[in-house]
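A.B. asks: Protein chains in written order, with this note's numbering: chain G, 17 to 262; chain L, 965 to 1083; chain P, 266 to 352; chain V, 105 to 254; chain W, 3 to 595.
The reader is advised that the hints may include incorrect statements.
Pairs of lysine to any residue residues, derived as SDA-like cross-links and limited to a Cα-Cα distance of at most 20 Å, are as follows [stated by the list, open to error]:
#, chain 1, residue 1, chain 2, residue 2
1, V, Lys225, G, Leu137
2, W, Lys336, W, Tyr375
3, V, Lys225, G, Ser205
4, W, Lys69, G, Ser222
5, W, Lys69, G, Asp56
6, W, Lys69, G, Thr211
7, V, Lys225, V, Ala211
8, W, Lys336, W, Ala513
The hints are simulated quantities; they were obtained by calculation from the structure and are not laboratory data.
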Amino acid sequence: MNPRTRLWLVVLGGGGLAALLVAACLRLPVFGGPWHPYGDRAVRAALARHTANTVASVNFDQRAFDTMGEMTILFGAVLGCVVLLRQARDEHRDPPAPCEVAAPVRRYALIVLPVALVTGLYVIAHGQLSPGGGFQGGVVAATALHLMYLGADYAALERIRPIEAYEIGDALSASAYLVLGFAGVLAGSAFLANTLLPYGTFNMLSSGGTVPLLNAAIGMEVACAVVVLLARFLDQAVEIEEGSGE
Amino acid sequence: MTAVMHVLPYLVAAYVFLVGAYGLATSRNLIHAVGCLAVCQSATYVLLLAVGYRDGGTAPVFSDIRPGSRPVVDPVVQALTLTDIVVGATVTALLLALTVQIAKRHGTVDPDELRELRG
Amino acid sequence: MTDAVVVVALLAVAGCATAAVANRDPARQALILAVLGTSLAVLFTVLQAPDVGLSQLAVGSALTPLLIMLSVRKVRRRSAHGKDSRQ
Amino acid sequence: MNGWILAATVVLAVGLGTTLWGVATGPLGRRVVAQNLSTALVCPGLLLLSQGYSRTAYVDLALLLALLGPVGTLVFVRLLADELGDNPPQAWGPTWVAAGVGTVVVAVLCAVTGPGRAMVKLLVIGALLVGGNLLASRALSGGFPGVSRD
Amino acid sequence: MHRLLPLLPAVPLLGAGLLVAGGRHVPRPVAEAFACVAAATTAALAIVLLPHSSPPLVEWVGGWFPKGGESVGIVLLGDGVSLGLVALVSLITLAALAYSWHYFDEPPRGHAGTFPALILLFQGGMCGFAIAGDLFNLFVFFELMSVVAYALTGYRIDEARAVQGGVTFGVVNSLGAYFMLMGIALLYARTGELAMAKIGHGLDAAAAHHGPDALALAGFVMVLTGLLVKAAAVPFQFWLPDAHAVAPTPVCMLLSGVMVELGAYGVWRVYGTVFSGPGGVPAADASRALVVLGVLTGAVGSVMCWYQRHIKRLLAFSTIAHTGLFLVGIGVLKAEADDGTALYILGHAGVKAALFACAGILLDRYGSVDELYLHGRARRLRGVGVMFAVGALALAGLPPFGTGLGKAVSEEAVGGPLTVLYVAASALTGAAVLRVAARVFLGLGPRPEEGDGEESDEDETSGADEEPETQKRLNHVPLPMVAVPAVLLAAALVVGAVPGFADMVGHAVEAAGTWGVFSSVHWTATGVLLDLLSTLLAVGLAMVAVTRPGLLGAPGWALPLRRLQSGHVGDYVAWLLVGTALLGALALPGVLG
């Protein structure tokens, strides 16, 4: 199909869709309205279980099954990237030459790296209290490691990043989340039931029953998964060359 | 102003979605197309959070306020959006991985130049 | 008054989305997507969703641009390969 | 109505408006500068919003942005080194303005908050923000001889 | 028993996690055996739960049972249909794993568990999708099965076509998923709920005074777009042949055998639970939309199927044709049609998976799946040839295969001109497969010259020069690769031939639906005659095509249709937008009135 025909199709279909969406928007409850039945119930349920961050309670307790799916999507996608970005038969590895990075950038990276790691861990650990949680903190921690690439070079990053360990950590923490779910069934309660541990004191790190545990599992899973993911892309961009040697 | 404000966020979400879809359909570069898909997805974040907003509400996070002292917005849509963001990031990564392989095998990332899988 | 800041954030998101679609070069698009991520984080903050804002910042400001730029680099290096040995 | 939110609105409107224009048009170098400035201007905006909503929990957002924003810019600097190398962008004016805005906002907020853990956090954010942006700007303008071109 | 429902997706997912964690330290057979055990456990669990599914099992994950009719948790539904589908998914997964046993090429460098782990994740996603009773949870598992399927489709990264098919599949399906999410957000705004049954009630309550409005219509259109993309309805179908033709054979068995049908199941579930009330979309309009799309799908799928020479692509188009029939069966909104469709899906899954398995054997033995190239070359593979021909006849509806029974029951329920579509589509797709069987395995008809079809090369995908999926080209066909299609065909036969099985399926479907009637499902004289008619038509068409290739060659009018399948992502997205608008237009009258 030539671009002009395609554009006509887009205009036709997009026009119809736009009309439909606008008509629907005009019928939606007004922005900022007071009526949120599910949300109000969720807040009450979270407070009843001593979880200060309602969003964490929804994610890791009330709708923990969604989070299981979400975590598995990430796990599956990373596994998929490992498969898709593997070294093909007609490629070889060509370690990049070590390169020199300006001293201020190196200093900045070395200072910020630990700060970012600590921030990541802080965001994970406080997930059930203040904004944040396993996912956000995990991404920050994983990104922090890659300051090694920005501040030094790829070889330095590879030294602090034994990729196999991260792959296994990814799989184990994903499994840990599922095992916590199974524990509910084995204990005679429901799958992913938050009834195994005491709910603790409101607004304390150990409050919320299994929420901190699931949160920690997600944090570790995400951190490992992002490291593995970026490693595959970096491998492709920096190391893997086509042809069997030149 | 208020009448517009009542629907503006929804309309912005619809607009962003349509713009992303337009970009996807007319893209000449698969990496750009993946970016457009991310734009489409950001429309879903906007719509979900707009649906859950409450005038004068604050975040349903009680680490620094007393429960019940202020009205709060809907936490459920926030949880849904969080899931959505993770999904978006993973889909982006996976599609980029496939695009990298297309570049290797076809020597181009322009969909107009991919001459396979016809008929 | 709180509405004004919502409008600003919404318009910024809409503008970034348009620009991200209109700029056809992936490297330039990646830059705009980074700004789109930041705008979305602002929007999420004013919609009182700091959790979502945090994850959008984490993903949008460093992770997604890094992934896109690495792909761009790989694709470019591939097409430059063989013509001249620009590494 | 709340002065903090008004200030945040102004900062965000100006900041996002100019950086959007900067990042969507013009040569590649200017776009990277604009991306860097977007971090530098949005971060004070987020701090002001946190004060305006009187939620200290929102400060984490600014912290994350101050940490990761410059990292994002450094990614672009590193991976676009070839394109930027020929004609390194110089934008010290806007950079210093942004840094100034950041400093002023952090200083005012520190004064309001008073000594304590919250103030330490604000100072850390301020240091990361201003330091990161100045460094990213300098890396962009090619101020470091021998920046890698691998 | 309801406590065990969440384990259906969780068991394969845990299996995958453990396989990745430990897979690199165990030999390959151990990893594959472990994957088989995980898949089989899920199948066994589903089969154990099945007898308890009437009344449907309901589980609130995390023990969030409703208080005062309201809950904050996620609901899972274990009725006859969802549990039956879980069992089907798990059994086909087991077949795919057995098929790939030890012969399928693995990526190098010690990732022994990766491929089986991805298959298990795929299975977990499909199981979760089947039992979801919560709309957002449905979306999450929809995405899970999509994401894993993209990776599996592009698995053979050395092949240009595989990665292209993977990207097309990924972009179109992700966009469809975002449509669905937009729809979910709209429905949540209106009703404030996420459980499907509660959304349905909320829509009814909101529309008590003025009937359904644009918002309900938009929710319907957006959610259904996502599901119809998965179900490959016209004009959302373009991604399917591109993806199915290039995916590894065991993955094709899963994609064509169950994943696409899950899209149709999603339509049935979502329409029945969410939109069938007075606040949803009126029955006449929903029926019009689904039947029109179904008829288009059946027609386009079977015509395109006939003109393929790439065998896997041909099978993919036949899947499209059959999904069209399933959509029609769901769309007429009759209890008997639902029964027939359920049986048809069961039979079709077995037959289609077996046919893909046979095509995979050709690929691994001869390095090609091109009908013209392979002409007469596979004479020695007698067993495979027989299975391929039997599969073709079963696809055309030969009694007493499950496909035949499902087709007969659906035909009787839909009645009128739609019967013609069922006969024509099944005859045409059966004939296409039979033609391949006659040419490839028997060498019948004139041998096509090299370069035949050269003039239309631009618009055609040939199946030559494909890489075999095994480590090296096979000299003899290993036992599992032959046993799997044989067992699958036998299972398809059992579905139709064992007395009482069909009745059981019918009861399960009607207990799960909203019809409240129990009709008996059995062979009738008309049904058998129509089945025989379509089988004879298929044989006749295939004979003519083989002996007189010129007579039924591609005519000019089919060329534009084939050009639409352009392999261009942008085109497919444009068609997706058009399809959404079309869906809205078809369902519009009910909202205006």
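A.B. asks: Look at each hint and say if it fits the structure.
C.D. replies: Each hint, compared with the structure:
As the CA atoms of V:Lys225 and G:Leu137 are separated by approximately 16 Å, the hinted pair is consistent with the 20 Å bound. At roughly 45 Å between alpha-carbon atoms, W:Lys336 and W:Tyr375 are farther apart than 20 Å, so this suggested pair is violated. Distance check on the hinted pair: V:Lys225 and G:Ser205 sit about 42 Å apart at the alpha-carbon level, beyond 20 Å; violated. For the hint linking W:Lys69 to G:Ser222, the alpha-carbon distance of about 27 Å lies beyond 20 Å, and the restraint is violated.
With a C-alpha separation of about 14 Å, the suggested pair W:Lys69 and G:Asp56 falls inside the 20 Å cut-off, and the hint holds. Taking the CA atoms of W:Lys69 and G:Thr211, the gap is about 17 Å. The hint holds against a cut of 20 Å. For the hint pairing V:Lys225 with V:Ala211, the CA-to-CA distance comes to about 12 Å; that is within 20 Å, so the pair holds. Our distance criterion of 20 Å between C-alpha atoms is met by W:Lys336 and W:Ala513, whose separation comes to about 14 Å.
Violated hints, in rising order: 2, 3 and 4; the structure is consistent with all others.
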